[in-house]
Amino acid sequence: MWVRNCWYVIAWEHEIPADGFLARTVLGEPLLAYRTGNGQLTILEDRCCHRQAPLSKGRREGDCIRCGYHGLKFDAQGSCVEVPGLDKAPPGARVKTYPVAEHNKWVFVWMGDTARADITLLPDNFSNDDPAWHYKPGYMHYDTPYLLICDNLLDFSHLSYVHEKTLGGSPAIAQARPVIERVSDKGQRGLRVTRHVPNVPPPPYYSKIRPLSGNVDRWFIYDFLLPGTLLMKSGGRPVADAPDDLSNAVQLHSCQTLTPETETSTHYFFQQAHQTGRGDASVTEGIFQSLVAAFNEDKDMITAQHRNLNADAAMQPLWMDAALIQWRKLLEQEVATEQARHAAA
Amino acid sequence: MWVRNCWYVIAWEHEIPADGFLARTVLGEPLLAYRTGNGQLTILEDRCCHRQAPLSKGRREGDCIRCGYHGLKFDAQGSCVEVPGLDKAPPGARVKTYPVAEHNKWVFVWMGDTARADITLLPDNFSNDDPAWHYKPGYMHYDTPYLLICDNLLDFSHLSYVHEKTLGGSPAIAQARPVIERVSDKGQRGLRVTRHVPNVPPPPYYSKIRPLSGNVDRWFIYDFLLPGTLLMKSGGRPVADAPDDLSNAVQLHSCQTLTPETETSTHYFFQQAHQTGRGDASVTEGIFQSLVAAFNEDKDMITAQHRNLNADAAMQPLWMDAALIQWRKLLEQEVATEQARHAAA
Amino acid sequence: MWVRNCWYVIAWEHEIPADGFLARTVLGEPLLAYRTGNGQLTILEDRCCHRQAPLSKGRREGDCIRCGYHGLKFDAQGSCVEVPGLDKAPPGARVKTYPVAEHNKWVFVWMGDTARADITLLPDNFSNDDPAWHYKPGYMHYDTPYLLICDNLLDFSHLSYVHEKTLGGSPAIAQARPVIERVSDKGQRGLRVTRHVPNVPPPPYYSKIRPLSGNVDRWFIYDFLLPGTLLMKSGGRPVADAPDDLSNAVQLHSCQTLTPETETSTHYFFQQAHQTGRGDASVTEGIFQSLVAAFNEDKDMITAQHRNLNADAAMQPLWMDAALIQWRKLLEQEVATEQARHAAA
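If you're matching them up, the sequences are chains A, B and C in order. With numbering that gives the first Met the number 0 applied, the first sequence corresponds to residues 0 to 344, in that order. With numbering that gives the first Met the number 0 applied, the second sequence corresponds to residues 0 to 344, in that order. With numbering that gives the first Met the number 0 applied, the third sequence corresponds to residues 0 to 344, in that order.
Just chain A, with the same shape it has in the complex (with noise of 0.2 Å):
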C-alpha cells in the first residue's frame, strides 16, 4: 500500500557521484539517477528497454547511458538514440524518466503521474542546509516493510524502552501522552505530534552535547508527512530556568524520511541537526554515532516484530497507537483517492 503522487528521497545529493551514476530501488522500480553535464539531475528507469538489462550495469556517455549489454543508448530523456548496427533507433524505443527535485540536500523522485508533480509538495527540510545548523548525514537499510518503521517513528513512547540508554532514559516519555493533530497546510498532508516531558533526567546521549547536571525538561514536536518524512524540533531545558530561558537548553532538528525499497525492505535517510556555535564537530559526530546507535536497536527490534508478526494473531489496540491509526487511515484515504483516479482516467 503505497502512495504513489508524492516526493520520496531516492538519495542524499552527495550520493550521487558527478561523472557516474546512483542505481537505487524505489518502490520496487529499478531507478537510475546521475546529474547532466549542466548539474540536471536525472532519474532513469534502470531497465533497458530491449532485454531489460540494468542500464547501470553500462556507462556514462556524456548525458547518456550506454547499456552495457547489446549497446543501445539512452539520452536523459530516456529516448533510445542509438542502437548499434542502425541508422536510426526505433522511434518508441525508450526507458521510462521521472519527475526530480532537489530541495535541501536531499534528491526526490516523483513516482506518480509526472503532470501531478509539484515542487510546492516538497516539505520544510530546512535544517539540511542551513548554516545554522550542523549534522552528519544519515543512510541506513532496513529489510523490514515501511509501515512498521512509520509506526515507531509515530510512537515516540518506544524512546523509554527502546532507547533507555540512549535518547530515552525515563519512562515518563512513554507516560507523557502527545497531542496529535491532522497537518494538511500547503498541500502537505501528515500528523503533528507534540510531547513535552517534564522534569526528566537528561537523555544518556545529551551528554556528548552538553553536560547538564539536573533534571530537563524535553520537548518533541513534529511532523510526520506523506509518504514518510519527519521533521522535528526536539530539546531539554534545565527545569531550573524561566521557560523563555533557553540559554542552557540542547535544541536539535531533525529530518528524517523513510522510502520504501520493495515491499518488504526500506530505505531510511536522517540526520539529527544542532545549532552551529553550539559545539564543535565532535559534538556533531557524538550526536550522529548516538543517532546510528540508538537506530540501530530500532532496527533490531523492528526486524524482530516483523518476524513474529502473525496475522491470525490479533492486536490489541492502546492509546499510544493513536497516531499510527491515524497514519493509516491517512495512507488508505490517499491509495484509494489515486485507485479512484486511476479508475476513471
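Derived from the structure by calculation, the hints contain no laboratory data. Don't be surprised by glycine CBs; every beta carbon is placed ideally from N, CA and C. Among the clues, some could well be false.
Quick look at which bits of chain B chain C covers, simulated, 3 or more residues with Cβ under 8 Å [to be verified]:
(1) 155-166
(2) 173-182
(3) 307-316
Looking from chain A toward chain B, a few residues come up when the C-beta cut is under 10 Å (computed) [unchecked claim]:
(4) Lys72
(5) Glu163
(6) Gln174
(7) Ile179
(8) Phe287
Following the hints, position chains B and C against chain A.
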C-alpha cells in the same frame, strides 16, 4: 501433521537460566520459558499482544516480563499488568500461557487444550535423573521436518550403513528383524521395537566404554512414544558369556526426543547414559562425542534425503518400514481424533 | 520449456572418477554417473527407490551402488539386487537409468524416451579430441535460466560491450549483421550464424595468442544446436594479407554447451581451442584465462538481467534478436512435437 495434546520437550532444565529466560519456537509458536522467584516454570507466548514484538527482546522484572518495544508488562499468568501511561491495563490484554512440566531434567510444554494437560502422560525418561546413570546432555537443530527424523529413529537398520564406523559396525543389524508392538499402557501411545543382533563385532564406539575383544550379542529395546520420544535399553554381551551374565556387558540407557520447531525444522534433545561405576568422566565424554558424531551422520543423510524428496516419485515399501508405517497411522489417528473433537466443540 | 529428446552434456569425461561417481542434476532430475569395471558409463537416477535418499550419499561396490541409508544395492542396470534382511529384492525395485554416450571428451545423457536415443544425433564437437587442436576444458555454474544464456550465445553483438576489453575490442562487431540460417542436416536442429567483421583492431585477448600489429578481418561462424550447443570456427587475419592467406591468422575452434540444471540454474561446459603448433602450453592457458574472464563478464551481466526481469514490462525487438527469436520458435516447436507425441501415446 502434528499432534497437539501431548507433552513436547522445549528444553533441558539447565537451558533455562535462573534470572533470564529462554526463547524457543515449538509447533511454529514462539515461546518464552522462565522460572519465577519461587522456582515455578512459566511458558508464555513470545509475542506481545500489543504490536507482536517478541517479549524475549524485553527483560525480566521480577516474576514479570516487560516488552522491550512499548513497555507493556506481563505477569507469569500472561496478564498484562502495566501499560505505560494507563492507570490500569485493559482487562483483556494478555498473552497466552502454556501448561508446563518438569520431569527428569526435561522441561515439557503442552501445546493442546489446557484442560487436557495431564502429567501422568509424561514419559519415563528416568535415566535423565538417576544416580545409577551418567550422561552428558545433547541438543541438535535440524532443518528438516520432524517426521523424517522419526522415520530414522523407528528403523535401526540404518545403523549398519549410516553409522557403519560409529554406532553400527556390522550389516547384521540391518538383517535382524525387530519385533514391533503397539504400546498403550498408562496413556502412553507409541511403538515398542525389540531387536536382537547375535554374534557381531562390537561397534566402533564401544572402545570408548569397555574394550571387548571378541564378538558380542547386541540388543536394542525401545519405546517410541508420541510425540516423538525414544526411551531405549541397549547393550552388548560377549557371546561366550551366559545369557544372564552381564558382568562383562556394555549396558546403556538412552532418552531422545523430537520437538517440531516449524513445518521444516526440528529440535532434537538426547542423551545416552552409561551405568555409574562403569567408567569415569572420560567415558561419559567419549560416549557423548560418539553420539554427536553419529547424529551428525544422521543429520547429513536426512538433510540430503529431504532435499531429494520428490512428491511425484513413489517409495518402495520394504519390511524395515513396518514401524514407520505404523507410526504414520498412529499420528494420523491422533490428529483425526483431535480434529473431530475440535469440530464437535 | 525443455526439449527432452536430445543429448545433454552432463560432464567432461575427466570429471567422472575411475572408482567413484559424479552426482549432477539435469533438467531437475538428480543423476549419478559412473564407469563400471569394463569402462562402460552408467547413469542412474540419484534417488533410492526406497526412501528417496540420494544414492550419491552411499558408495560404489564393484559395478553396483549401495545406498548409504538402509543399504539397498543397485546394479548398473538400475535393478535393486540386494535388500538387507531379504533373500531376494522385490522384483519391481529399481531406479531409473538413462541412455549415455561418450563423444569427444563429453559425456552425454539422453533425457527423453529411451527408444529414441540416437548416437547419430551427437554434435560434431571434434576439437575436443583432435590432435590438431589444443585447449583447456572449462566448466561454469549459472544461477540463471538456461534460455537467457542461449540468448547471449545467439547474439554476438554483445562482444562489443560486455567483452569490450577481452573478446571484443571494437563496436564494429555489434554493427556487423550476421547471416542466420536454419540447420537441419544429419538430424541436427539449430541455427547457423555467420558474422564477418572487416578491418578492426585485434581483440585484447589475441595478444595472448599471437601479437598482430595492424587491423584484422575477423570471422565467427558457428552452429547453435539443440539443446544448446555452440560449435564455432573463429579467427582474424591481417587485413593486408590475401583472403586465402591464413599464415598470419589467428584460427580458433570452440565447443560450448548449456545443460539446464533446474528451471533457474544451468551448467556450462566450454573450451576454445587453438591449433597445435601455434603456441605452447602458456598460449593454451592464456586463452583459457581470457575465456574465463570473458565468461564471468557474461555471467555478471546475465545474472543482473535475470534479477531485473519484469514480466509486466515489454521488450523492444531489434534486428540483433533475429536468432533469439528463431531459437525460441524452434524450442517451442520441438516441445510441442514432444507433447503431441506424448499425448498420442
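Here is how each hint holds up against the structure:
1. 155-166: holds (count 5)
2. 173-182: holds (count 4)
3. 307-316: Per the Cβ count (7), the hint holds.
4. Lys72: Hint on Lys72 (chain A): violated, closest Cβ of chain B at ~45 Å, above 10 Å.
5. Glu163: At 9 Å from the nearest chain B Cβ, Glu163 (chain A) passes the 10 Å test, so the hint holds.
6. Gln174: holds (5 Å)
7. Ile179: violated (14 Å)
8. Phe287: violated (24 Å)
Checked against the numbered hints given earlier, this structure breaks hints 4, 7, 8; the rest are met.
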